[in-house]
Every structure is written in structure tokens, then in C-alpha cells.
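Sequences and hints are given; from them, build the entire structure.
Protein chains in written order, with our numbering: chain A, 1 to 255; chain B, 256 to 489.
Any given hint could be a false lead.
As the list claims (entries may be wrong) - Okay, the calculated beta carbon distance ranges per label pair: (1) A:Phe24 <-> B:Thr450: 57 to 67 angstroms; (2) A:Leu159 <-> B:Lys265: 33 to 43 angstroms; (3) A:Leu237 <-> B:Ser443: 51 to 61 angstroms; (4) A:Arg14 <-> B:Thr471: 55 to 65 angstroms; (5) B:Asn291 <-> A:His252: 20 to 30 angstroms; (6) A:Leu159 <-> B:Ser443: 52 to 62 angstroms; (7) A:Tyr160 <-> B:Ser280: 51 to 61 angstroms; (8) A:Pro184 <-> B:Ser260: 51 to 61 angstroms; (9) A:Leu19 <-> B:Ala278: 47 to 57 angstroms; (10) B:Asp309 <-> A:Ser45: 23 to 33 angstroms; (11) A:Lys143 <-> B:Ser276: 29 to 39 angstroms; (12) B:Ser310 <-> A:Ala117: 51 to 61 angstroms; (13) B:Asp414 <-> A:Ala148: 27 to 37 angstroms; (14) B:Ser280 <-> A:Arg14: 41 to 51 angstroms.
Keep in mind the hints are simulated off the structure, nothing from the lab.
Yeah, the Cβ is synthetic: ideal placement off N, Cα and C, and Gly gets one too.
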Amino acid sequence: MTKIVKYVMADIIRNRIVLLYTAFLFIISFSMFSLEDNNSKALLSLLNIILIIVPLVSIIFSTIYVYNSSEFIELLVSQPLKRKTIWLSLFTGLAGSLSLAFLTGAGIPILIYQANAIGFMMIAMGLLLSIIFVAIAMLAVVKTRDKARGIGAAILLWLYFSLLFDGLVLFFLFQFADYPLEKPMIAVSALNPVDLGRILILMQMDVSAMMGYTGAVFKDFFGTYPGVIFSFGMMFLWTILPVWLSTRKFNHKDL
Amino acid sequence: MIIASNVSKKFGRLKVLDNISVACSKGECIALIGPNASGKTTLIKTILGMVVQDSGFITFNGNNILHHWQYREQIGYMPQTGRYPDNMTIGHVFNMMKDIRGTRAVLDEDLVNAFQLKALLNKRMRTLSGGTRQKVSASLAFLFDPSVLILDEPTAGLDPVASEILKEKIITEKKKGKLILITSHILSELDDLVTQVIYMQEGKLCFHKSIEELRTDTGEEKLNRAIAKIMSKV
Numbered sequence: 001m002t003k004i005v006k007y008v009m010a011d012i013i014r015n016r017i018v019l020l021y022t023a024f025l026f027i028i029s030f031s032m033f034s035l036e037d038n039n040s041k042a043l044l045s046l047l048n049i050i051l052i053i054v055p056l057v058s059i060i061f062s063t064i065y066v067y068n069s070s071e072f073i074e075l076l077v078s079q080p081l082k083r084k085t086i087w088l089s090l091f092t093g094l095a096g097s098l099s100l101a102f103l104t105g106a107g108i109p110i111l112i113y114q115a116n117a118i119g120f121m122m123i124a125m126g127l128l129l130s131i132i133f134v135a136i137a138m139l140a141v142v143k144t145r146d147k148a149r150g151i152g153a154a155i156l157l158w159l160y161f162s163l164l165f166d167g168l169v170l171f172f173l174f175q176f177a178d179y180p181l182e183k184p185m186i187a188v189s190a191l192n193p194v195d196l197g198r199i200l201i202l203m204q205m206d207v208s209a210m211m212g213y214t215g216a217v218f219k220d221f222f223g224t225y226p227g228v229i230f231s232f233g234m235m236f237l238w239t240i241l242p243v244w245l246s247t248r249k250f251n252h253k254d255l
Numbered sequence: 256m257i258i259a260s261n262v263s264k265k266f267g268r269l270k271v272l273d274n275i276s277v278a279c280s281k282g283e284c285i286a287l288i289g290p291n292a293s294g295k296t297t298l299i300k301t302i303l304g305m306v307v308q309d310s311g312f313i314t315f316n317g318n319n320i321l322h323h324w325q326y327r328e329q330i331g332y333m334p335q336t337g338r339y340p341d342n343m344t345i346g347h348v349f350n351m352m353k354d355i356r357g358t359r360a361v362l363d364e365d366l367v368n369a370f371q372l373k374a375l376l377n378k379r380m381r382t383l384s385g386g387t388r389q390k391v392s393a394s395l396a397f398l399f400d401p402s403v404l405i406l407d408e409p410t411a412g413l414d415p416v417a418s419e420i421l422k423e424k425i426i427t428e429k430k431k432g433k434l435i436l437i438t439s440h441i442l443s444e445l446d447d448l449v450t451q452v453i454y455m456q457e458g459k460l461c462f463h464k465s466i467e468e469l470r471t472d473t474g475e476e477k478l479n480r481a482i483a484k485i486m487s488k489v
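Structure, rendered in C-alpha cells:
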């Protein structure tokens with residue numbers, strides 16, 4: 001498996017879009033930390049940008065890359081390799097190189113200015129989100145044959161996780177405002193990896209006080225050890241489930 | 256060597272392969288001929304395991320290919336259009352294939368040398384023309400000295416010199432007793448290559464004959480005339 005991963009990663013790292021993505025993250029992170037005199041405030045602004053950009057680039061780039069590799073995948077399938085190996089190598093290659101891009105682009109500035117628990121949490125979330133959205137992209141690709149539809153599905157998925165989900169939750173909250181919803185909210189937030197990432201970082205930052213009673217309930221749960229473990233577990237589940245489903249589907253796919 | 260029994264495949268409502276049974280043995284050079292969309296490429300893809308048939312089975316040296324993916328070690332495949340990751344160089348692609356197949360003592364680099372690919376090893380795949388990519392695909396198919404060669408439209412996109420080199424190579428491999436499967440629309444090219452002809456139409460196998468039989472049946476010496484005669488009859 002490492003044989004293919006090595007070459008796929010070497011190919012992606014030289015890709016112009018990935019290089020631009022790295023440079024963009026680098027410039028944004030440095031300028032955020034330089035513009036704000038308070039590093040925590042800079043981190044908060046950076047958080048919002050990262051939570052939008054990282055999933056977007058990961059999901060769209062992976063979708064397009066896998067579609068463009070369709071002939072290459074065919075060639076690999078005609079070689080003495082298991083299909084599972086090919087698919088997982090492709091996933092590892094994509095996830096590895098996009099994580100590397102995030103680590104160089106955003107990780108280095110964060111480590112320079114904020115080498116503490118918050119900074120580390122932020123880097124961990126960025127890496128996890130990169131990997132999760134590569135996994136989701138590969139599931140979208142394997143489900144749709146048509147390239148245009150696949151890319152459309154990827155964009156919609158990103159839109160759902162980044163914007164629509166929060167809108168739906170807000171709508172739900174207003175509709176049932178008379179009921180105590182603070183605890184169910186914890187369960188609902190686990191349904192969206194982006195939200196999980198946001199909550200985990202905010203909890204590290206001690207700004208939960210600004211979120212009112214819900215914030216307090218969240219703090220009670222996500223601020224504790226089991227809560228953090230729960231959310232990391234959920235995020236691993238968000239990686240493993242799409243990868244497992246897409247591998248299963250790819251095993252029987254007609255190329 | 257390769258035996259397909261009652262292989263059927265549907266894409267949606269369209270029947271692409273309809274109850275196909277063929278047997279291919281060593282030392283033969285078989286031309287797979289038929290109009291567009293007659294299921295030639297799909298048949299090749301089922302043999303390679305890229306498309307999974309709905310019913311029937313295919314065996315390679317007596318092993319069902321569904322359960323023995325290792326059989327592909329013995330196949331060299333040249334696809335119709337070879338596209339490779341943009342930023343890989345030709346050298347990378349060759350190295351990767353060598354890594355996948357494991358280190359072998361004998362590498363058949365005749366085509367690599369004949370196409371002068373060694374000079375281009377540092378070129379990125381993105382910058383290559385379609386013809387050069389075909390040369391890379393062809394060289395890869397022959398590189399590991401496989402006992403079966405499957406060539407899908409091998410000369411499409413190659414210049415006359417290159418396609419002549421490739422034809423020479425196919426003939427020498429045929430003499431070594433390998434099984435070679437070729438699909439092509441340029442029948443005149445196949446004349447001095449093939450020993451047998453499989454003719455397909457609308458997913459059905461119309462006939463599988465040796466070229467001598469075909470010649471005596473139709474009374475035509477040239478393959479393209481013989482096929483034209485059959486096509487006008489069907």
C-alpha cells in the first residue's frame with residue numbers, strides 16, 4: 001500500500017492548487033496574528049476562516065482529483081492489486097497531503113504565536129477536518145458516476161455542514177424554545193464534524209460564558225475529559241464510516 | 256488459458272454482454288472486432304476484473320478471477336486512453352509500476368528503448384501529447400514480460416513509425432507463445448498479426464473463427480473485406 005501512497009502524495013504535493021492553498025493559509029494565519037495585538041483574538045478570527053476554508057478545499061479538491069484519476073484507477077485495477085488497497089492508498093495519499101498542506105500553512109504560524117493547549121487543539125481540529133472531508137468526498141465520488149453531479153454533491157455537502165446545518169439547528173431551537181433543549185443539543189452537535197471542531201476549540205478558549213446557559217451546559221460536558229474523548233471519538237467515526245462505506249462500494253464498482 | 260462461460264452484463268437496461276462464452280488459449284493472437292458499442296471494451300474489462308459480470312464466470316488458468324486477484328500479474332494491459340496523474344513524471348510512473356509488480360530480474364525494455372522514452376523520463380505527464388502517453392501505456396504493458404497481453408485500440412493516436420514498432424513487438428511476442436488480445440477498428444493493420452477473430456455485435460458473440468476459416472468461408476484474402484462481407488450479411 002505504501003508504494004502507491006508515496007507516488008500519489010508526491011503527485012498531489014506538486015499540484016498548483018494545493019500549493020496555493022498552503023500559501024493562502026500561511027498568509028492568512030500570519031496576517032491575523034500580526035494584525036491583532038491579542039493572540040487569542042487572532043486565533044478566534046483564524047478559527048472562523050479555517051472552519052470554512054479547510055472543509056471546502058478538502059472536499060472539492062479530493063472530488064475533482066479522484067474523478068480526474070479515473071483512468072489511472074483503471075490502470076491500477078488492471079495490476080495485481082486488491083481494490084481495497086488502491087482505494088485506501090488514494091484516501092491516505094489525499095488525506096496525508098492535505099494534512100501536510102494544513103500543517104505547513106496554518107500549523108507553523110499557530111505554533112509560533114500560540115504554542116499552547118488552544119493552538120494544539122486548533123491544529124488537531126484542522127487535521128481531523130481535512131481527513132474527514134476527504135473521506136466524505138470519496139464517498140460522494142464513489143456514489144455518483146457523473147463528474148458534474150459528483151462535484152455538485154460535494155459542494156452541497158460542504159454547504160450543508162458549514163451553513164445549512166447551523167440554520168436548521170437554529171430553526172429547531174426557536175421552534176422548541178419552550179423546552180429544555182440544552183442536553184439534546186450536545187447530541188445534535190455530534191452530527192456535524194465542523195460544529196464539533198468549533199465547540200472543542202471554543203471550550204479551550206473560555207469564551208463559553210458568552211453563549212449563555214447552553215454554553216454552561218456545553219462547558220459541563222465538552223469541557224470535561226470524557227466530553228473531549230467523546231467528541232474525538234465522534235470525529236474518528238466521521239472518518240471511518242465514510243471510508244468504510246466507500247471502500248465497500250468501490251469493491252463492487254464497475255469502472 | 257482464459258475461459259469465459261455465459262458471461263452477461265447489464266448497464267441499467269442496456270445489455271452490454273449477452274451470454275458470452277469464449278475460450279482463449281496460449282500462442283494465439285485474437286482480434287476482437289465489432290461495431291462501436293458492441294461490448295468489446297466491456298468484455299476486456301470483465302476479463303481484467305474492472306467490471307463485475309452479473310452472471311456467468313471467467314477463469315484464468317482454471318482459477319475463477321473473482322477470488323484470485325493475483326492472476327493480473329500475468330497480464331499486460333494497454334488501455335484505450337492512458338491518463339496518468341498530472342504531476343507524475345514518466346520515470347515516476349515506471350518506478351511505481353515496478354514497485355507494484357515487485358522487483359523482477361527480467362524487464363522487457365524493448366519498447367522503452369524503441370520509443371526513446373528514456374530521454375523523457377523527467378517530463379510531467381500533464382505536458383505529454385496523446386501519442387506519447389500511448390507510448391508510455393504500451394511500454395508499461397510489455398515491461399513485465401506478461402504471458403497475456405490485452406491491447407485496447409493499441410495503434411490509435413500513434414504515428415506510423417511508432418505503430419510499426421508496436422506491431423513488430425506484438426509479432427515477436429506472439430512467436431514466444433503468448434496470448435494476445437487486440438481490439439481495433441483498423442482491420443488492415445490486423446492482417447499480418449492475428450490468428451483468430453472474435454466478432455461481436457450488440458453484446459452478442461457472432462463467431463469465433465481462425466483466420467483461415469474466415470478466408471475460406473468468405474473467399475476473401477484481406478481481413479477488412481472478409482469482415483465487410485460478413486457485416487453486410489448480418
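Do the hints match the structure? See the list:
1. A:Phe24 <-> B:Thr450: 57 to 67 angstroms: Holds, at about 60 angstroms.
2. A:Leu159 <-> B:Lys265: 33 to 43 angstroms: 35 angstroms, holds
3. A:Leu237 <-> B:Ser443: 51 to 61 angstroms: The hint (51 to 61 angstroms, Cβ to Cβ) holds, given that Leu237 (chain A) and Ser443 (chain B) are roughly 60 angstroms apart.
4. A:Arg14 <-> B:Thr471: 55 to 65 angstroms: Between Arg14 (chain A) and Thr471 (chain B), where Cβ atoms are some 58 angstroms apart, the hint holds.
5. B:Asn291 <-> A:His252: 20 to 30 angstroms: At roughly 27 angstroms between Cβ atoms, His252 (chain A) and Asn291 (chain B) fall inside 20 to 30 angstroms, so the hint holds.
6. A:Leu159 <-> B:Ser443: 52 to 62 angstroms: 55 angstroms, holds
7. A:Tyr160 <-> B:Ser280: 51 to 61 angstroms: 55 angstroms, holds
8. A:Pro184 <-> B:Ser260: 51 to 61 angstroms: 58 angstroms, holds
9. A:Leu19 <-> B:Ala278: 47 to 57 angstroms: Holds, at about 53 angstroms.
10. B:Asp309 <-> A:Ser45: 23 to 33 angstroms: 56 angstroms, violated
11. A:Lys143 <-> B:Ser276: 29 to 39 angstroms: 34 angstroms, holds
12. B:Ser310 <-> A:Ala117: 51 to 61 angstroms: 59 angstroms, holds
13. B:Asp414 <-> A:Ala148: 27 to 37 angstroms: 34 angstroms, holds
14. B:Ser280 <-> A:Arg14: 41 to 51 angstroms: 45 angstroms, holds
The structure shown violates just one earlier hint, number 10.
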